[in-house]
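Please take these sequences and the hints and turn them into a complete structure.
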Amino acid sequence: MSDDKALVGQVLQGNARACQTLVERHQRLVLHMVGRMVRQPEDAEDLCQEVFIKVYQHLPEFQFDAKLSTWIATIAYRTGLNYLKKRGYAEPLEAPEPMLLTADDPTPADALVREDEKQFLQKQIEKLPLHYRTVLTLYHLDGFSYEEIRRVTNLPEGTVKNYLFRARQLLKEALQRHQPRESWL
Amino acid sequence: MKTPLTDQAAQERLDAAFREGHPLTPTEAADESLRLYQRLFDELAAEPPLSLPAGFAAGVVAEWQRRRAVRSERRAYALFVAGVVGLLALAWGAGALFRIDDFAAAWKAVSRYAGPVGFALGLLVIVQAADYLLVKRRQRIFS
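So the protein sequences, as listed, match chains A and B.
Here the numbering used here is used: the first residue of the first sequence is 1, the next is one more, and so on.
Here the numbering used here is used: the first residue of the second sequence is 1, the next is one more, and so on.
Rather than coming from a laboratory, the hints here were simulated on the basis of the structure.
One or more hints might be untrue.
As the list claims (entries may be wrong) - Think about it this way: if two alpha-carbon atoms lie no more than 20 Å apart in a straight line, the pair counts; the simulated SDA-like pairs of lysine to any residue are:
1. A/123 with B/44
2. A/172 with B/50
3. A/54 with B/71
4. A/161 with B/18
5. A/161 with A/178
6. A/54 with B/66
7. A/54 with B/38
8. A/172 with B/31
9. A/85 with A/154
10. B/108 with B/118
11. A/161 with B/38
12. A/118 with B/35
13. A/123 with B/50
14. A/172 with B/16
15. A/67 with A/123
16. A/118 with B/38
This is how it looks when you write it as structure tokens:
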């Protein structure tokens with residue numbers, strides 16, 4: 001936290017190196033959030049830039065009541081939601097179930113021919129509802145705690161835990177269905 | 001025969017393994033549910049196939065600096081305009097307060113320079129407009 005304070009202080013004084021450090025330190029987190037929300041890679045970079053512009057605009061208001069990364073993730077999350085709203089993407093936020101491996105999907109065996117298991121799972125993650133993807137990303141990729149995820153998404157902690165459990169269960173079931181045919185090959 | 005772990009138990013065990021560094025024992029690793037979850041957790045922690053260009057941070061910082069420059073330029077203009085307006089108001093106020101009849105005479109004396117001063121101000125406005133339209137806006141478009 002004190003490191004964050006020093007860094008923010010230097011950024012507010014206009015120190016270019018500190019600005020660069022702040023962006024480099026958090027660009028991975030912002031890309032994870034935005035990348036999992038927007039799906040179009042060509043829009044992800046613009047949106048990441050927009051997130052950091054907002055970070056810069058609102059940095060003087062940051063009160064250090066949370067970690068800087070949590071605050072930046074909140075901005076990224078809200079910017080992503082606004083982007084989806086503006087484009088009229090009616091993304092389900094919660095799960096219509098069962099939602100993985102629908103009939104028009106390639107069978108796992110087909111999928112295995114064309115893509116490895118890594119890609120298969122990435123595709124399954126993309127099919128998850130927005131809140132599930134966000135919770136998974138923050139927990140597994142960025143190591144956020146339940147409390148930090150609650151702050152970012154404004155969801156109750158119990159809901160965060162439930163979404164995380166359900167998302168992992170759905171993915172595990174997909175992997176399980178993927179597996180028997182894998183052993184034929 | 002050992003009963004396989006429930007989803008809840010398997011997820012909790014792997015959370016402990018990943019977050020608190022308690023690795024699975026060989027017996028646990030043989031559990032089908034845990035094995036699947038282990039693969040899933042590994043994949044979820046792997047970097048997704050999306051990256052930002054190498055100069056991304058530098059580009060963001062350049063944009064921040066441009067915005068800071070625009071803001072300080074605006075502040076300087078606002079101060080300048082406020083200063084001019086304030087001085088004029090002060091002059092009018094002083095004239096009214098102290099009933100300086102010479103004010104009209106002074107204005108008459110100064111007004112002979114109205115043409116050159118008006119021309120200079122007009123030129124300044126044209127130069128500022130050209131600077132904005134031809135240089136700054138283009139810089140912004142190409143940045």
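Do the hints match the structure? See the list:
1. A/123 with B/44: 12 Å, holds
2. A/172 with B/50: 23 Å, violated
3. A/54 with B/71: 15 Å, holds
4. A/161 with B/18: At roughly 16 Å apart (the allowed maximum being 20 Å), residue 18 of chain B and residue 161 of chain A satisfy the hint.
5. A/161 with A/178: 26 Å, violated
6. A/54 with B/66: 14 Å, holds
7. A/54 with B/38: This hinted pair is violated, its Cα atoms lying about 38 Å apart.
8. A/172 with B/31: Judged against 20 Å, a Cα distance of about 14 Å means the pair holds.
9. A/85 with A/154: Distance of about 17 Å is within 20 Å: holds.
10. B/108 with B/118: 15 Å, holds
11. A/161 with B/38: 18 Å, holds
12. A/118 with B/35: Measuring from Cα to Cα gives roughly 16 Å; hence the hint holds.
13. A/123 with B/50: 14 Å, holds
14. A/172 with B/16: 18 Å, holds
15. A/67 with A/123: Cα-Cα ~31 Å, so violated.
16. A/118 with B/38: 13 Å, holds
Checked against the numbered hints above, the structure breaks hints 2, 5, 7, 15 and satisfies the rest.
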